[in-house]
Amino acid sequence: MATAAPPAPPATPQLHGVQPLRAGEGNSYLWRKLHSLTGIVPIGAFLVEHIISNFETLNGPLAYAQQVKFLNSLPLVRILEWGLIFIPLAFHALYGLFIAVRGRSNVNVYPWAGNWMYLSQRVTGVIAFLYIIQHVWRQRFAGVSLPENPGAAFHKVQVELSNPWMLAIYVVAMIATSWHFAYGIWLFAAKWGITPGEKARKKFGYVCGVVGTALCLMGLASIWAVVYKYPNAPENVLPEQPAGVVLPASQTSSPISDPSFVQK
Amino acid sequence: MAQSTIKVEIKRQSSPGAAAVTEKFEIPYRPGMNITSLLGEIALNPVDVAGKATTPVTYDSNCLEEICGSCAMLINGKARMACSALVDKLEQPITLAPLSKFPVVRDLAVDRSVLFENLKKVKAWVPIDGTYDLGPGPKQAPQIQEQRYPLSNCISCTICMEVCPQFNDATGFVGAATIAQTKLFNMDPSGSVLKEERLRALAGDGGIQECGFAQNCVQACPKQLPLTEAISDMGRDVFVQQVKDLFAR
Amino acid sequence: MAATPRIIVVGGGLAGLSAVIKIAEAGGKVDLFSIVPVKRSHSVCAQGGINAAKNLKGEGDDVLKHFDDTIYGGDFLANQTPVKQMTAQGPAIIDLLDRMGVPFNRTPEGLLDFRRFGGTLYHRTAFAGATTGQQLLYALDEQVRRFEAEGKVTKYEGWEFLSAVLDSKGVCRGISAMDLRSMELRTFPADAIIVCTGGNGAIFGKSTNSVVCTGSAQSALYQQGAYYANGEFIQVHPTAIPGEDKLRLMSESARGEGGRVWVPKDKNDKRNPKSIPEGDRWYFLEEWYPKYGNLVPRDVATRAIFKVVYEHGMGIDGQPMVYLDLTHIDRETLNRKLEGILEIYEKFVGDDPRDTPMKIFPGMHYTMGGLWVDFNQQTNIPGVFAAGEADYSIHGANRLGANSLLSCIYGGFVAGPEAMKYAKSLPAPEGDGGHVAELKRQQEFNKLLLNNPGTENPFKIWRELGETMTKHATIIRYNAGLDEADAKIVELLERYRNVNLSDKSQWANTSFAFTRQLWNMLQLGRVIVQGARLRDESRGAHYKPDFPDRNDEKFLKTTKASFKDEAPAFELEEVDIQYIKPRPRRYDATA
Numbered sequence: 039m040a041t042a043a044p045p046a047p048p049a050t051p052q053l054h055g056v057q058p059l060r061a062g063e064g065n066s067y068l069w070r071k072l073h074s075l076t077g078i079v080p081i082g083a084f085l086v087e088h089i090i091s092n093f094e095t096l097n098g099p100l101a102y103a104q105q106v107k108f109l110n111s112l113p114l115v116r117i118l119e120w121g122l123i124f125i126p127l128a129f130h131a132l133y134g135l136f137i138a139v140r141g142r143s144n145v146n147v148y149p150w151a152g153n154w155m156y157l158s159q160r161v162t163g164v165i166a167f168l169y170i171i172q173h174v175w176r177q178r179f180a181g182v183s184l185p186e187n188p189g190a191a192f193h194k195v196q197v198e199l200s201n202p203w204m205l206a207i208y209v210v211a212m213i214a215t216s217w218h219f220a221y222g223i224w225l226f227a228a229k230w231g232i233t234p235g236e237k238a239r240k241k242f243g244y245v246c247g248v249v250g251t252a253l254c255l256m257g258l259a260s261i262w263a264v265v266y267k268y269p270n271a272p273e274n275v276l277p278e279q280p281a282g283v284v285l286p287a288s289q290t291s292s293p294i295s296d297p298s299f300v301q302k
Numbered sequence: 007m008a009q010s011t012i013k014v015e016i017k018r019q020s021s022p023g024a025a026a027v028t029e030k031f032e033i034p035y036r037p038g039m040n041i042t043s044l045l046g047e048i049a050l051n052p053v054d055v056a057g058k059a060t061t062p063v064t065y066d067s068n069c070l071e072e073i074c075g076s077c078a079m080l081i082n083g084k085a086r087m088a089c090s091a092l093v094d095k096l097e098q099p100i101t102l103a104p105l106s107k108f109p110v111v112r113d114l115a116v117d118r119s120v121l122f123e124n125l126k127k128v129k130a131w132v133p134i135d136g137t138y139d140l141g142p143g144p145k146q147a148p149q150i151q152e153q154r155y156p157l158s159n160c161i162s163c164t165i166c167m168e169v170c171p172q173f174n175d176a177t178g179f180v181g182a183a184t185i186a187q188t189k190l191f192n193m194d195p196s197g198s199v200l201k202e203e204r205l206r207a208l209a210g211d212g213g214i215q216e217c218g219f220a221q222n223c224v225q226a227c228p229k230q231l232p233l234t235e236a237i238s239d240m241g242r243d244v245f246v247q248q249v250k251d252l253f254a255r
Numbered sequence: 009m010a011a012t013p014r015i016i017v018v019g020g021g022l023a024g025l026s027a028v029i030k031i032a033e034a035g036g037k038v039d040l041f042s043i044v045p046v047k048r049s050h051s052v053c054a055q056g057g058i059n060a061a062k063n064l065k066g067e068g069d070d071v072l073k074h075f076d077d078t079i080y081g082g083d084f085l086a087n088q089t090p091v092k093q094m095t096a097q098g099p100a101i102i103d104l105l106d107r108m109g110v111p112f113n114r115t116p117e118g119l120l121d122f123r124r125f126g127g128t129l130y131h132r133t134a135f136a137g138a139t140t141g142q143q144l145l146y147a148l149d150e151q152v153r154r155f156e157a158e159g160k161v162t163k164y165e166g167w168e169f170l171s172a173v174l175d176s177k178g179v180c181r182g183i184s185a186m187d188l189r190s191m192e193l194r195t196f197p198a199d200a201i202i203v204c205t206g207g208n209g210a211i212f213g214k215s216t217n218s219v220v221c222t223g224s225a226q227s228a229l230y231q232q233g234a235y236y237a238n239g240e241f242i243q244v245h246p247t248a249i250p251g252e253d254k255l256r257l258m259s260e261s262a263r264g265e266g267g268r269v270w271v272p273k274d275k276n277d278k279r280n281p282k283s284i285p286e287g288d289r290w291y292f293l294e295e296w297y298p299k300y301g302n303l304v305p306r307d308v309a310t311r312a313i314f315k316v317v318y319e320h321g322m323g324i325d326g327q328p329m330v331y332l333d334l335t336h337i338d339r340e341t342l343n344r345k346l347e348g349i350l351e352i353y354e355k356f357v358g359d360d361p362r363d364t365p366m367k368i369f370p371g372m373h374y375t376m377g378g379l380w381v382d383f384n385q386q387t388n389i390p391g392v393f394a395a396g397e398a399d400y401s402i403h404g405a406n407r408l409g410a411n412s413l414l415s416c417i418y419g420g421f422v423a424g425p426e427a428m429k430y431a432k433s434l435p436a437p438e439g440d441g442g443h444v445a446e447l448k449r450q451q452e453f454n455k456l457l458l459n460n461p462g463t464e465n466p467f468k469i470w471r472e473l474g475e476t477m478t479k480h481a482t483i484i485r486y487n488a489g490l491d492e493a494d495a496k497i498v499e500l501l502e503r504y505r506n507v508n509l510s511d512k513s514q515w516a517n518t519s520f521a522f523t524r525q526l527w528n529m530l531q532l533g534r535v536i537v538q539g540a541r542l543r544d545e546s547r548g549a550h551y552k553p554d555f556p557d558r559n560d561e562k563f564l565k566t567t568k569a570s571f572k573d574e575a576p577a578f579e580l581e582e583v584d585i586q587y588i589k590p591r592p593r594r595y596d597a598t599a
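These protein sequences, in sequence, are chains A, B and C. 39 is the number of the first residue of the first sequence in the numbering used here; add one for each residue after it. 7 is the number of the first residue of the second sequence in the numbering used here; add one for each residue after it. 9 is the number of the first residue of the third sequence in the numbering used here; add one for each residue after it.
Bound conformation, chain A alone (with noise of 0.2 Å):
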């Protein structure tokens, strides 16, 4: 009845598990911490401005290219533009992906909450990341280039949302960015030994859900304001001043600011 003894394995196999902590080495903690970190200053910090200057739209075209011009007169503002926001949010995409690719994802066993946030976190991520490749790349650098053209900015993001894809488009990346923006500050907390013990955690919990949730409602917002309550918005509010012209330009009101057109 025995299976027969099979001949004794000629050495001692080789176990190959996950390698003990290296202690002291390397500088991936400085890295991951960077990251963390950029996500909530600068990238977090820039978010909450834009939904903020985005909200502004409910005000219509005009209220918004001035605070497209606004924001476009600030001094220094390339080098803001790249050093507080390309370069930390292509490092915060690019080691975030590195990140998620690392994680082995489980709540196909574990279907606990936390573990849900975990994937959670991994999926807004790479949402935000491919819509804010696109966002970056057809908003600011293709067509008509909004820094110079402040006046344009409401119709080019009505003539982007025309189109019901990109609309949807806008509306998941609107929420998942919010969401990846309001567990990242409670990941953040709790990383960071802000909050220890179960209790500070709940608490801060529903801080972090108010906050995602106002700032998703306020995106959403805008959206809706740019695509349904001023419809056909012109091309450009804000047209240059034609060369040589001395302020005042004229007295006679030019169409933006005519309040029924405001108010339309």
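Worth flagging that the hints you see were computed from the coordinates, not collected in a lab. The beta carbon of each residue, even a glycine, is placed where N, CA and C say it ideally should be. Careful: at least some of the hints might be erroneous.
[As the list claims (entries may be wrong)] Listed next, the stretches of chain C that the computed footprint assigns to chain B, with coverage defined by at least 3 CB atoms under 8 Å from CB atoms of chain B:
1) 35-49
2) 355-362
3) 585-594
For chain A, the structure is supplied; the task is to place chains B and C on it using the hints.
Positioned in the frame of chain A, the structure of chains B and C alone reads:
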């Protein structure tokens, strides 16, 4: 309740390099059986459901009362201790498999020595001067003891590592157990003399930064250790230490 | 002779780790062998605490009172010199453990807290929650890990000790061991070895002991010429939770809080215990011992439960179990006072003891006997030392609660330095010191086992051994039963020769390793049974209804068994009683 047999499917592997196969068994039911007694029944009569003779299943076990930490395995897919897994509370067929994140030695036995290596890396001990009579240790407020005691209950079962999405070959993450032990020894009045070294160790590759805070560790821990709290606390301490080192070293 | 003595410690529980620490600290090289990773050793299971007369409660406790309690509790069978030394060192050992970072419970001032335990009137037991053994083991494990990281200790975890290597003069020169993964046999040289391999619960089939507590190492040494002393003294705890795979302890405090022990009056009563009316229940402890009821001393309760089950045949459903009932106590009280232990029951049995009476039965718990050692922890084989539960030296006929952890650490702390001292004056061996011969002997045993064309399943032999031992050699012993048990073991030894391994592979073959241990368990079983047969008296844990009294004239003696002609041979040795004169042991008068 009146079942006559228990259906069990066991993922088996005769050696580290061998292919895994699943063997099915039907074991006579008795009330109050746990997984380790089920495996004992197979040893008593190593015959599979088709009547084919096989070998007793290799698995780690010792105390059988969930304190030695030996018998962790995947039971119906989930990592838990075999001794405290009662047959009456499990869906059948019961599937048994080795922990998935550790190299299989044979059948359900895996090599978990990485945890003990990690404990060396963070110097998880109190560096006493010697074992001769040096009088009592430092006074310790009961509040400190009440925080240390739960951490000291870690049985090294490695379930927190098994369930962690970040504990894998790619990250080489140290896992929650070691981080909790770091906190335990940093809190000890004498053990804290090595605090800075431990915190620096935890900032190495595979260190505390790899935690993704999925919190599976704290959910799965059979001894209910406050693991996420330990990770938070150590996260802060490691960061402070790194900043200090940046400017003071 | 050797500049740096090389010592082998077998067993990584409290005793073994204590010895390792002492040797490493003194500059010796240590190889530590353990079947399981040392952090998973059986010491981890101890719950209650560790005794030392620190007298931090203003009760006037002192080490001599601890000494007296231990000798009295052990029914005067323990040699008094080592017990006196152990109790004297108790306070220093506690201080050391405290310095190692053991999370002992604290008083509000931040000092060590002490609780009361059985067999004493003083608060003498330091404790870390309900897991003191675990905490102590971890503290020592951490110290050894530190020495390991410093290169002073080499661990061989997953290696099983098989035998001592003896030279032509019978002096120990090392050990033979088997890698439980590759099944490789090897001998390891050493100037001295210290055996700290714990108790032998597995001989009784199911016990409160861990899986590795087979007594195999002690038995192997006994078969190589070491004396095995007081083997017949086995402590049985009255309330254990019978399990399919083992017995788990249910603390005495359940009865302390009002738990009642009973069985149905009709042995065929199949009703749910809750629906059995008072009139149909037999509260036998309350009936037999009206004064103390359910709180009779441990050995009395143990014997009464045993009698009900085996002599009256009244166990629940014909099984060896009685009810321990807490359901008449309100949930809130239970949760406040007993939550921890009730959770254990709930976890492992699946029933809520607040709703359903617990099913309990006495369980084999501790091995008082063990390898005979002198006052320096050395066995009669030169170079072989022993410490902890594996030796016989401290507890006499019965162990007091919370003395085991202390005796382990004390034993290791003596054995380590003594082994160093011995090793330093050891002359070089002649020839190879017997290594080749021992390796060959072990290889032949393995070959024999692997090629045996028999039909016996080793696990079935083991089960029968356990049933026989539990029935005849635990709580109540009759000479006829002991003779029967010995005959049964002889039969099992015979059947063992016809054993068949269903697994003959040479990789992580646990049933093969187990079958090797089984031979040693059977041999040691005979020592226990025959030792009990010869001791016609009742003393401590050893109780014979036919000889109900202690007989100091004839049996105030240590039983020493040696392996002669394939069987145990016995001699008696005087007990060291130079400090405390034996007096009657009457807990019922003071309890």
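We went through each hint and held it up to the structure:
1. 35-49: Check passed, 5 qualifying residues.
2. 355-362: holds (count 4)
3. 585-594: violated (count 0)
Going down the numbered hints, you'll see the structure goes against just number 3.
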